[in-house]
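Assemble the whole structure, with the sequences as input and the hints as a guide.
Chains D and Z supply the protein sequences, listed in that same order.
Numbering of the first sequence is given in my numbering, commencing with residue 1 and proceeding in unit increments.
Numbering of the second sequence is given in my numbering, commencing with residue 1 and proceeding in unit increments.
Honestly, the hints are just simulated from the structure, not real lab data.
Quantities reported herein were computed from a predicted structural model and do not represent experimental measurements.
Do not rely on the hints blindly, as some may be mistaken.
[As the list claims (entries may be wrong)] Stretch-level coverage of chain D by chain Z, calculated; a stretch enters the list once three of its residues show a Cβ under 8 Å from a Cβ in chain Z:
1. 25 to 37
2. 86 to 97
3. 106 to 119
4. 131 to 140
5. 208 to 217
6. 441 to 450
For each residue, glycine too, the CB sits at the ideal point set by N, CA and C.
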Amino acid sequence: MNNRIIIVGGGLAGLMSAIKAAEAGCGVDLFSLVPVRRSHSVCAQGGINGCVQPTREGDSPDEHFDDTVYGGDFLANQTPVRDMCHAAPAIIKLMDRMGVMFNRTPEGNLDFRAFGGAKYRRTAFSGATTGQQLLYALDEQVRRLEVEGKITKYEFWEFLGAVLDDDGTCRGISALDMRTMEVRTFPADAVIMAVGGPGVIFGKSTNSAINTGTAAASLYTQGVRYANGEFIQVHPTAIQGIDKLRLMSESARGEGGRIWTYRDGKPWYFLEEKYPAYGNLVPRDIATREIFHVCVDMKLGIEGKNQVYLDLTHIPAETLNRKLGGILEIYEKFAGEDPRKKPMKVFPGVHYSMGGIWVDYDQMTNVPGLFAAGECDYQYHGANRLGANALLSCIYSGMVAGPAAARFANGLHKAAEDSRDGCFDREKRRQQEIFSNIYRMNGSENPYRMANELGELMTENVTVVRYNDRLKATDEKLKELQERWRSLNVLDTSRGTANQAVQFVRQLKYMLEMARVITVGALLRNESRGAHYKPEFPERDDARFLKTTIADYAPSGPRISYQEVDLGYIKPRPRVYDVEKKVGTRKEGDQHER
Amino acid sequence: MSDKPIRLKIKRQNTPDSSPYWEEFSVPYTPGHNVISVLMEIQKNPVNSRGEKTSPVVWECNCLEEVCGACTMLINGGVRQACSALIDKIGRELTLEPITKFPVVRDLHVDRGKMFEALKKVGAWIPIDGTYDMGEGPRMAPKDQEEGYRLAKCMTCGCCMEACPQYNSRSSFIGPAPTVQVRLFNLHPTGAMNRSERLETLMEKGGIAECGNAQNCVRVCPKEVPLTKTLAELNKDVDLYAIFGMLKK
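In structure tokens:
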């Protein structure tokens, strides 16, 4: 009998996992909230990193590795990061073979641009919609495998929970048909979660509407460990909106864009002044803190508001159109001004979760048979992700998870069908009960207004600058919201057809669980590292906190413990960007030349 | 003017088989709204203009920055994405309807599965040998990349399908968006190896002969995909293939 793999999520990580699992001979069932071509990967703009041309400018995959570890303030496990950076050139070539319309040099080769936290041009790009183009290429390959009968898609299905047998092995999933509201279970020999980030917990973010973190949070309540939850990337340059924050890619600065505001009536290029070595291309955590400081503390924002200029007006319009067309369109459409002629007004916005589901080097969680890949895992970015490393880590982790899940399935003693020891019925009943309770919720509170309240609370207290007293108060407030969740009104009691309110009430419950993981993790980490910054503890404290945060679920709130970080290759050193980065000291036994 | 509320008239439908009905809403105006953020206001206060409690409106959306293609609907009779429909530009009187060329799931949410099925039919992919490392892809001239990229930005949103008079329940035409994707894969050096198969599908029932050259598609495309120009080129490709290509067989 053919092994079957379930993949949840149709972004880059999910699609790549699906292709790999199908190539390994497994039948694949692919579940997604949206038609996979509309997944959040579509929003990624700037590019994908990989040292494809090692001789150019003196770059090397090891330099990419060092930049990534250094940029992540040494919190990432080094072995998988190193493997990823060495795999990166082949990944870019593979995507090129799939027909991604990467920008070209006059000779017809791939073109590369500069990105934050790196001194070499190693970012391949497709205009300023690279995520969209990579997603489409994988979507097309998956469509081909669908025609060949190797992949079956379940679009407009929401993952609900894992089916766990009596030994605690994952045997399948429960899911909701979003059109008929039917709950079903599906057996599998292994399950890969590629469910993206939790940005919607912060209300307005650069994330898509589906990025509530619910799937990961639901697994967390089933005993799946969550790691480094407190590390949330706030992107330096987004345009403000009522419904979301729209990203203005780092590639704008990679192509020469400058950040400034007025001081004493004159333009002040504060990043260039403070960080002469990297200038506007300092890593995101640093650029974000500087912009925040200039606007919030110094009150020097443009027009007295929380905004600074991102200026492209000195670059020829033809170059801008060719290399950044996608984001210029977004700015023109949503802000109503032409960024070729007037500097864009931007401010930091919640963007990415470095933390995620804990996985081993095969992308397997602490639950046997359950894997995770993409933004929802914690593996590759440490305390701060470098720009253009997300598309890479999503594809790479999918390339690891797919074959690893296939290997696990091959070694599984009893196939899923034989293990119907009631675990499928049990899981289905559990989920049906959750829904029948939600359908009955007729309290006074509105779920969408409560989500707003949650978003404002988290953005105010658990983003750029964090204080322990406020984190403590935030967790108290979150407990209060969990209590108030019980008095929600479901708003829509109709059964049988696309009840989005019922879905959202359930999602909100899990968003509150995940908000506590993020907040408590931040409260207990008394240091500053990467995106996590506490003025009361302004220094990195390797002795106490060069450790991975692990959150285990308990009904009363997350139980936090710590785990050693794999420092197998590069010795931690102070992270500074005002001067050139020093070459990382290699530990003994490392055979790789620099 | 500044305190004049946003008024919405929304065509709703409870199930795929039930009859549609209209419901009106009024949302307080603040600057910066778009159609999605107005619908979100209704979620926060699901009460219609007559003061009756009602269920929140169901619609599809995701990225909210006009790159995923999910939130296509008819806004004041025109097809477009709701996220980029800014109230300060389009005014405070809104009529929202589901697009008409696809079956309604509920309210403004439709099922555009047919579009993805059409992409299967035309073989809209590069037939690579596998995902293991086989070295570099083919070189490509920047001008070819630029042409390909313009076609590759199609987000399968369905605007062109809605506007096309030839795409309807009485015709078998697969519609402008999937047809135009043939050109993208045919201009890629590897994709070109299957050029003839793709052109042959366009010669079948539902193929390019059913395009009536109304040119509505290009006018509604939010991504400025050169639809009519590409359809004309494909027509030529198909004609030349019919005359010369078939002879070689």
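Tell me the numbers of any earlier hints that the structure contravenes, in ascending order. Every hint satisfied by this model.
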